Amino acid sequence: MTKTKFYYIIFVILLLLTQCKTNIEPNKEVDSKARIEVLRSKGDLRVVTNYNSTDYFIYRGQPMGYQYELLQELADYLQVKLTVTATNDIQKKFDLLEKNEVDLIAVNLTVTNERSKFIQFTEPHSQTRQVLVQQKPKNRSKLSEMLVTNQLDLAGKTIYVTRKSVYSKRLQNLSDEIGISIKVVETNESVEGLIEKVSKGQIKYTVCDENVALVNQTIYDNLDISLPVSFTQNLAWAVNIDDPGLKEIVDVWLMEFTKSKQYTSIYNKYYKNKRTAKMVGSEYFVVSSGAISPYDNVIKQFSNKIGWDWRLVASVIYQESRFNPDAKSWAGAYGLMQMMPTTAYRFGVDSASSPRQQIIAGVKFLQWLDKQYQDVPDSLERQKFVLASYNIGPGHIIDARNLAKKHGRDPNVWSGSLDEFLLKKSKPEYYNDPIVKYGYCRGVETFKYVAEVFERFEHYKNLIN
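Take the sequence shown: its letter number 1 is residue 1 in the working numbering, and every next letter is one higher.
Since the hints were derived computationally from the structure, they do not count as laboratory data.
Only a predicted model underlies this, so the values are computations on that prediction, with no experimental measurement involved.
One or more of the hints may lead you astray.
To be verified - Below are the EDC-like pairs computed for lysine to aspartate or glutamate, each with C-alpha atoms no more than 20 Å apart in a straight line: (1) 274 with 221; (2) 272 with 221; (3) 164 with 186; (4) 405 with 429; (5) 81 with 452; (6) 461 with 89; (7) 157 with 176; (8) 169 with 221; (9) 405 with 420; (10) 437 with 455; (11) 405 with 378; (12) 92 with 251; (13) 269 with 455; (14) 92 with 186; (15) 200 with 224; (16) 42 with 326; (17) 259 with 123; (18) 117 with 95; (19) 169 with 186; (20) 81 with 326; (21) 92 with 243; (22) 406 with 420; (23) 406 with 445; (24) 274 with 69; (25) 272 with 420; (26) 261 with 251.
With the hints as constraints, model all of the structure from the sequences given.
Shown next, in the form of structure tokens:
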């Protein structure tokens, strides 16, 4: 073969490769752009994650968590609302994704070839390895005798792991690799539930990811997590195998975001922060205590009397005062329910009233507002009207309803109707309309108020029965 012919062949091959790349990359770009438009038109990113002490939880009334904060950053990047579902059942997560009931599984999924057959992994968001969790002996002088310090010493041991987790498969492979017999018991107990059982001596061993083990070691100081049972592995999220557009979007975002200082800050906050033990031990750490605030019983009792979900009322109180009975606003509102003095007096309380009395008065005020909208047939829509009125006063809501009627919109619907006209009441052509009786208002604050109260309510429903 002549040199000229050889170079010609190389040139043709390179040209073909260039053309192939040109054909593929634009298609990916089109897929991802189209997928973003679908998400934005739909309005939300639907995700499923775990509820535990690191991924997603409520602490002092506020949703928090490593996965939750990452997901909120992603949703903000996509300019959509984040809609969260929580379950610790890994198979249920896969089922939700397969049925297209969620767009994304957002947990620390270990990347494996077996799982890649039915899901698409995103770019990794972190790495870890699996470790044995065991209890340290109380007699420290016998530490070396009683601890399992070598993988070969696992022969004949019984290790409990969460059902359908990668830990079971890893232990089976380890058993084959080093020629020993390990008894693996799969259970419906969560990873953190099994770790707690080891700490209490109810079981001897479990296996989990090292980053989760490190967090729990700050909570249970009698745990040893020094023995690795796997190499370092990638942890990623997952999307439906038929959704390459979303995978492309998430991959691009993850590759950029995981290099940022903000990502490092989020990771360290949940996996390297010594305050974790104090937070998890708090009576207002919902995963372990089930309590949102010191006032849950009073909120439940009086919310029930007006037929409202107590978690919605709790979300209102958090929005108003962060559960601080001594809170005062620049405008003169005070207490848990941040009632103005005139309104508070009308419902029988003042600044010296007890937290219980403040809650009772606030719930009565909600009930009174609810009666002003009995012509709104849908109870959920009516609650949004009530909360908007609680924030800005019923007069502005009446104006917005009249504007909705005038412009051919449904006056009994909040989203896409009343909220829009409340926002428009800051414009002269609307607040100067003769049908508007209460004039100008800055509706954006009330718009955000209703959205945030109901968003937090959804988190409370996810994590609190």
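Pair hint outcome, residue 461 versus residue 89 [Cα-Cα no greater than 20 Å]: The given pair, whose Cα atoms are some 17 Å apart, holds under the 20 Å limit.
Restraint check for residue 405 with residue 420, where alpha carbons must lie at most 20 Å apart: holds (13 Å)
Satisfaction of hint between residue 69 and residue 274, Cα-Cα up to 20 Å: holds (19 Å)
Restraint status (C-alpha distance of residue 261 to residue 251 at most 20 Å): holds (18 Å)
20 Å Cα cutoff - pair residue 169, residue 186: Holds: residue 169 and residue 186 sit about 11 Å apart, inside 20 Å.
20 Å Cα cutoff - pair residue 406, residue 445: violated (24 Å)
Given hint residue 251 paired with residue 92 - CA-CA distance at most 20 Å: violated (24 Å)
Distance restraint between residue 92 and residue 243, which requires alpha-carbon spacing of 20 Å or less: The hint holds at about 19 Å.
Residue 259 paired with residue 123 [C-alpha distance capped at 20 Å]: Status holds; Cα separation ~13 Å.
Proposed proximity, residue 221 with residue 274 (alpha carbon, max 20 Å): Distance of about 12 Å is within 20 Å: holds.
Straight-line alpha-carbon gap residue 157 to residue 176, limit 20 Å: Answer holds: residue 157 to residue 176 is near 15 Å, not above 20 Å.
Residue 92 paired with residue 186 [C-alpha distance capped at 20 Å]: Holds. Residue 92 to residue 186 sits at ~16 Å (cutoff 20 Å).
Violated hints for the displayed structure, listed by number in ascending order: 8, 10, 12, 13, 16, 20, 23, 25.
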